[in-house]
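Residue numbers (the UniProt record's numbering), protein chains in the order written: chain A, 1 to 664; chain B, 1 to 604.
Just so you know, these hints were derived from the structure itself, not from any lab.
Nothing here was measured: the structure is a model prediction, and the numbers come from that model.
Glycine included, each C-beta is placed from N, C-alpha and C at the ideal position.
Do not rely on the hints blindly, as some may be mistaken.
The calculated lysine to aspartate or glutamate pairs, modelled on EDC-like cross-linking and capped at a C-alpha distance of 20 Å, are [unchecked claim]:
1) A:Lys644 - A:Glu581
2) A:Lys428 - A:Asp562
3) B:Lys589 - B:Asp305
4) B:Lys335 - B:Asp419
5) A:Lys633 - A:Glu585
6) A:Lys46 - B:Glu370
7) B:Lys499 - A:Glu138
8) B:Lys356 - A:Asp64
9) B:Lys499 - A:Asp259
10) A:Lys418 - A:Glu444
11) A:Lys46 - A:Glu138
12) B:Lys268 - B:Asp232
13) B:Lys499 - B:Glu550
14) B:Lys335 - B:Asp249
15) B:Lys570 - B:Glu542
16) B:Lys56 - B:Asp37
17) A:Lys46 - B:Glu492
18) A:Lys46 - B:Asp405
Which stretches of chain A does chain B cover? Using the computed rule of at least three CB atoms under 8 Å from a CB of chain B, they are [as the list claims (entries may be wrong)]:
19) 82–90
20) 325–331
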Amino acid sequence: MASKSLYSGRDPVLKKRDDFEDVLEERRNSSDLRYALRCYTPALYKGLVPCKASMLKSIVLQSDSLQYVVGQVSAECGESREAVQEEAALLLEEMAHRLQLGTIRFFAFTLSKAFKALFRGVCVNEEGIQRLQQAIQEHPVVLLPSHRSYMDFLMMSYILYTYDLALPVIAAGMDFISMKFVGEMLRMSGAFFIRRSFGGDKLYWAVFSEYVKTMLRNGYAPIEFFLEGTRSRTGKSLTPKTGLLNIVMEPFFKGEVFDVNLVPVSISYERILEESLYARELLGVPKPKESTSGLLKARRILSEDYGSMHVYFGHPVSIRSLAQGHISRSQHNLLPRHIPQKPTADTQAFVNDTAFRLVRLQEENMVLKPWVLLATLLLQNPDGMDLSTLTEQADWLRRLALAFGAFLDWPDHEPCSKVISSSLALHKNLVCVSGGRVRLVVEELPGAESATEEAGFNRAVSVLSCASYRNQILHLFVRPALIAVAMQTANCSRKDEVFNCFNFLRNVFSNEFILCPGAAVQDFEEACYLLGKCGAVQELQQDLVMSQSGQTTLAFLCSVLDPFLQGYQVVCRYLCEELEENLLENKFVPAVRSFTLQLILSGSLKCYEALSSDLQKNALAALIRLKAVRRVKAGDQVTLKVNKIAVNSLEDTLGKTNPCLRRL
Amino acid sequence: MLSVILGNRMKQMFISLSLSLSLSLSLSYFFFPFRHDIMKWNGWGYSDSRFLFNKKGQAEFTGKRYRLSGLILPSLKDWFEGTFGANLQHKSPPALNVSAVPPPNLNESFVEELKAAGVALSQEPEDRVFRSHGHCLHEIFALREGRISRVPDLVVWPSCHNDVVKIVELACKHNVCLIPYGGGTSVSSALECPPEETRSIVSLDTSQMNRILWIDEKNLTAHVEAGIIGQDLERQLNESGYCTGHEPDSMEFSSLGGWVATRASGMKKNIYGNIEDLVVHIKMVTPRGVIEKSCQGPRMSTGPDIHHFIMGSEGTLGVVTEVTMKIRPVPEYQKYGSIVFPNFQQGVACLREVAKQRCAPASIRLMDNEQFQFGHALKPQVSSIFTSFLDGLKKFYITKFKGFDPHHLCVATLLFEGDREKVLQHEKQVYDIAAKFGGLAAGEDNGQRGYMLTFVIAYLRDLGMDYYVIGESFETSVPWDRVLDLCRNVKERIVRECKERGVQFPPLSTCRVTQTYDAGACVYFYFAFNYRGLSDPIHVYENVEHAAREEILANGGSLSHHHGVGKLRKEWMKEAVSTVGLGMLKSVKEYVDPSNIFGNRNLL
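Just chain B, with the same shape it has in the complex (with noise of 0.2 Å):
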């Protein structure tokens, strides 16, 4: 019902004719292919894409976008109401009430200013609450309670590095607060508009910045506008034969300005790197100016790397508006894999010797037994391609290896890229160590569904809190010696705050490591629970994350590994980098942006 009035809904632009001689009511109307008319207003990802317990009761996928679209899902009600205690019965329908938005609170001269030059901008209700939030439960949550609070005031959309030096002047002058918004997925508040800001606040929209510019096949760069969208990043330089490699789990929405800004990480990051490792060159527009480096050199001794000022600013400095970034040949040969281990330790052992090795497969991540079991439950009805995976392993390795105990057991999945002999050459390398751990090959099947459940788990959310059932993921990175204790600390402290709050069923706490590196890797932690009997199911939410996240740090763990600190994690930014690196960082604001027009607050 939902995609219905949002597609229904006519996106609808205000562009000024920005003649000399017109005035405020000469607007024309023009319509533009913007995302939100294929994207839900307040749920993850496209409209027609979504879970749903079908007039059977049976879980099905809709759409056509994802290998699982169209699919029935036969274990995942049993696995809902087993792991939750929710019942499916007890659906709370969310509710839609876009009318209480807050009128806006216009600086009349510097949209009078801005039509002048020519910016796009809207100050419609659906454009200025589509930008108001990212990603987090919260925010969700409030959204589909029809809770709405501060929301820009204006949503602009420059079309070139220009047009955003443009702005940035012009919000100088009149003194309003630029909050840019590239994809919208953050996980961190970092878009949420600070309630006390008093200023007029304009969401900069940078999805019209989209373009690659040039494409170096000498060097192996491209120069991009930052606003581009991670998918249509990749598919674009497919056609030239080309890829970036940046894959992170967001990269159907996320973009690559995102990315800067918060110092993004990808699936792959083992071949191609993360993004401080693929950028060459930046170009961000400040309210001092512009900012950029005066070559292209591959690597530089000029004092501190401005790039890290500017990796992970989180939209409190500028705007960054175009990237230079490293491409690679698209690969010649992809092949997926998976590993079954007897218990995490032995796995978590397995991708050790890997790091040490420094043979890590394209990407390599190993899931918890939970997770394992939830892999499960998304296992379509009629599968040719998805081979039956627990059957297989009942049949297989339960039984001929005895070992294996399905409540202990847990899963590697891989993916392997480059040309097909060495991609082979070096998957058995990877199984051989796999083999001193316990490990045994599962197949390819199983690490391609692996990796298509990353896309399609966030849609699982939004069919959750249909049944008072709510959750969020949340990472950190941590030195080799202390995962094992981290993830055990950190999953106990949330079953545990969860019972002291009064959630009635055990919440489903599951992680995975879904990278690593010479000196530790990331992990990630799943963390949803059944809501009912809760008066104030959210504080709940946020107290138990907040205990969690200071588990990690009380583990070794570190505050964020790519998510970035947002508003969400503020309070330990200080015990993060200590005083001297916060007093550092914000010296760096205050020279930069004195009047603080960036003011989305994050960060600092």
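So here's chain A without its partners, still in its complex pose (with noise of 0.2 Å):
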């Protein structure tokens, strides 16, 4: 299903975004605990049925649906209905939330404290709030939060209570549960609990389901669930999941309620609290496991400035809308409605197509920084900066960002170098400003060479952390960037050539970036009118041409797709070259690790960014879906069977993208 003209035609820079209004300004001013305990009387759901958490357990488990299921488990396995309905029970005991005021106003204290001493300002669009409110009133909601941060659900419900709004529940991971205390903290400020993978478990799925969506009908609360599954560790939005979209918007398809609002909550962080674990995790230190003195250890990173972050309450979508004309509701006729369905093919489209405009929607309204902007420039020039070019370059790269729309926080009232060097000050940690050239902080090993896998490591750690900041960006330019890259490739101005070029990498790298499946031509039109726009590439007749004065944007743009197009490529080569006959899938990103290192070791690859597991994984993920690599399940174990040839062609297609780039 192509995804419809949401994005394309229209003039991205025209956008109105709200303004907005920092929450914490009036905590620093009143009373932390005043304010935990004030009058809370949130505005609800018009056909709100109203009942306790306890009472909304055995609605689900007396529901039609459930009971249905747990019939067929237990024909099935052979245990008796009740040992089955047992079974049920406990697992909706694992997984449901316990909302209590009490513990809210807990936390509402508590994080007062805590975010005063973390950020400068906490921004939400007030008008956001407005509409979000008439929005709980009159149809179920569910808000879908960008995942960046730990600190990005406890926010919410922050800014929730901070406005007298309805609070949500919320779906989290179960790794929070093994963390005593907290995981019951957290269940008791609204959370509920699923498993990661529950795959074939027929039981765990109808009360999961079942317990979602029993909450949106009887409009019980706003439902929250992160669309990305989980923390993006690279500053790029994740592909989304569509499990739980799924099961919020079945209620509509089979007209048990009116409508659903979805709103895109779009949550930015000047600094991320998870920063340089993130990067030390994407170069393979395992993830910390979430342990309560972990949280308590983490707590001198109160001690250190995050600047301010932003709250964008995105406009509510209406599920009704968006399948208006895609979805005929009428095919639950024929079927008692509390019979789970796989959802059709048509269906499973239109979700999953809508999944991908909510995380464009999210895209589109994260605040970026100007630091986002100088870490851009700086990694493009690894070895540093002179402080005066760097000024200049990020003030013609703001020029560009704006004329593509970008939602840009730059102090429009100070002069550039200012913002810059309060930028670069609060990103001390990594980048250092030294006899007027600005390079990036690498941890220095005493007296050892440079050429040690430890010290690229470290150095790694440092590109990485700066790119989840230039990733933030990414979003704006990513398709302009294709078609940049894809000019150079095509080696002729013929429209339809460049379009090839364009729509092959577009479909190389949709993993890596959000892009709209089915929507390759509303990307390139959308893409081509920027590059016009800014006065890059003249669209002609047939042909799409560079301006004379475009070489600078479309040199910058390609440079931008630059470490993306190298990492694959070191993907293909560890394949074509090193694989032994059976590669184990769990072992595929460790070893090509291995590779790359050795290869910047060696002199032969600059790019750092290659070392990232996160771009090794969506390589792979590409390559299977292409066909050139396929997974072979025996018993436990998932090898991965190489197409050498096209493994090695698409090598070669990808080096061609760049004449400097063919030798590694």
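Using the supplied hints, reconstruct the complex from the two chains, each of which is provided in its own coordinate frame.
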């Protein structure tokens, strides 16, 4: 299903965005205690069926749909109905939230203290809040925040409490449950817990989906979950997961609710709390297990300055309006609605398409800080830049970004140099200025050579940390950049040729960036429009030609994609050259990593981003999708079978995108 | 004023003196007591019965025919203004313009032969316009504006089955288009003349075929001519101590033939059944000849029941001329009743339980809160019989049983029939079930008033149209588990569509469950809005109704429970019965009426 013209043909610069208000300002001027204890009377859904958390559980357990599956499971596995019902009750017990206002008040108090220590400000668009308030009263609401930090869902509940809005129930990963006390605290503040994988477990699925749907139908509370499924470690949005989205849409498809409002929320951090943690994780240092003591150790972060953060509540998206003309609800007329039904291909495509659109809406309203531009430029100049050059280019890039519709929080009244120096100061752990030159900070190893693995690793940490900021702006540049690379590769200015190259690259990178499936033409048109508008290319009848002044822009855009092109090439090269017959899938990342590190240490590869496991996994996923690699399951293990000819030709094609990349 | 004009209009009929020597001029005038004498030509029902706001600004229902007639309705004005934002100052007087009727396109030789055969006929504009429409909003609205589109070119009044046979034969011979006309109460655009029809269109009015031909007390059947009007049929049977028990809301005006042709449903179907349960034998004249079964056996296994090709054929296959119907002795005892529920959900749950236990009274209907409030607006000033419902409720239920929110409560009206003892027993059973769902008995008067409103509610639309308010009702049938969802979604869809289309005041969007079945219920929606500020209110209205029907279908409701498809809902037929199903119906039409003599273009 092609995504509709939600993005094409309209000028992104004309997008109206709301103003922000700092919610911490009042907290700095009045008592946190009084705030935590104040009268809380949110406006509720007009069709609300009032019920307590415990009551909710019994509704779910007695529901027709759960009873049906209990009967099915009991017939299949030969256990008694009661035993299966008991099992379902336990699953629900493990899952269910126990939202309590008292806990919320406790969090309101403690988080006020914490946020004031961490952030200079927490900026919220109040118009968005007003829209949300309206939406909550009209139809069940699903809140869909972006996910960059653990802080996200605490922050969401905090803000909703602050504005006297209905508190959400939040789908959280099971990982938290292992944190003693904290897990229960989160449960009492509205979190409900889902196992990360429950593939074939029919009963689990039934309990879980009925639990969510019951809350939605009754208008119990706004339901909050992360479309991306997990925190993005790279600053880029992740390919959305559709499981939960499917569940919350179903009551609409089956006519059980008139409509459901989906509210994308964009949460952006000037400095991410988990910044270097993420970089290390991407380089293979395993993620520390969530533990209470770990959280307490993290206290030292309270003494650092994390700048400000922005929370933008987007326009509610009505599922009804989206589904108009795409979904025939009458398809559910002939089967009792409590019998679980796999979504049809049409429905699945619609849900998938919607998920992508919503992630794009999240991306669109992410606030970009000046530092994001600086990080972009610094990564393109790995040997550092003169401060004056950086200033000059940052100003240029600012204008380009604005022309592309960036939601840039650049203080207008301050001189450019001042903006830059304060940005650099906030990120002094990543960059330093010495002798008029700006360069990345790399942890020096005492007395060691610069060519050791450890030194390479340290540099990679800096590069990947920096890249996580550059990545925040990629959604803006990725389509024009794909055209820029395509124009270079096509070696001819014919529009259809360029489009073919564009389409190929778009296809290769569709695990890497948010590119709505089936929207290649719209993406192409949108990007052409933007490039035309900023004067980089001219669109003629049949051709797409670079304008005289377009060189700088196109070169810049090409280098934006450069690390990804190189990274994918390295993965291809690895699969062609190094692979033994049976590579286990779970050995793939470490193997590619060491292969890449060797290339870097030998000096034949300069691109440290190729070390990112995220990129490597995305590349593998793309190769599997393009059928150049096959996954073969044998028992518990999955091995990778490589079609070397296909991989080789892919590498060649990628190599053509940039002449200087041809030889690694 | 309207009634005065109509009253003065001489109803005239051409009857040819069908002698061989007579030429076209040798006509004589007879006076026939035709119903359109006493009925409105551009509104609902009897000319003498209508709502109006008197000089004091109080609402009043005129005439003597109904319990509400001649009474003052003090709260109607406030409800009217409050619900629609309609102001009584903004009156839009109906325009009257009969002279705009196009001249008839006559098939002269057909007319000649008809006259020769002695069939009554007319080409008077009034007669033709009167039979050119049903009671869809757009039809009445156009008439009030004086806009007249294609109307029949000729009206014929057969007086018996053999007349119909003759007319159909001649129509085939001369290739004219026949449109059967019974009571004219269609709400599916079924009577509209297809504008693309180039042949002469003849309206075949069955109203003179209105006799009960025989009553068979041994088998409890009556053989009746199909043109008889519902209330006449009941009255005449009552005289012999019988009834059919078939009481659709339109029974004052609709005909037996019309019921058969649309698969009608009556209020008391729980005891007597719907039309398909009531008919034993049907005789229909088609271009291929007469279709009927050879015996009156109560049930047959002789392939698909040919009655089911006839019932619901909506005048596309032929004219139903005679019907044998089941009859029952008039019930010894009737008792009305009503139950108040705290909310609509509880009410529906109760109705479902009643249906499950198969103990539904003759009629059980559940109105939602909006309709309950509307019912109050029609409370007359002086009311010894109509106890002050709201006051009673406020005092009794709301204070004593605090759970009842006047903005959520809803009311079920009941009608029990049978012998006295059984009725009382039955009544207790139903009230006991209701109590389990929080229902409280609310008295006989309220129940009776509810049913009386059914008959006068249609008059109210004419009043609305005087004040920029247009509206209509439509129905569906739906499985039990989807009743609540369907009602909520359709009502909300109406509100939303109105808003999106620039309707400035929130519309009246209300529903009631009017019939219960084992596997589902029939739901009726009422929808009206104030159209001030809209340049094309009918277009807006039609769009909203269209959207509402889409919503019904999306929520598992049927295309129609008993109104039929006509031309209004034709576009959904394929979806409703599948391509093959539609093909089957088409092939029947193809065989029975290959030249499309019955060319009203309904259904298919």
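Margin query: Need the list of violated hint numbers for this structure, in ascending order.
Written below: 2, 10, 16 and 19
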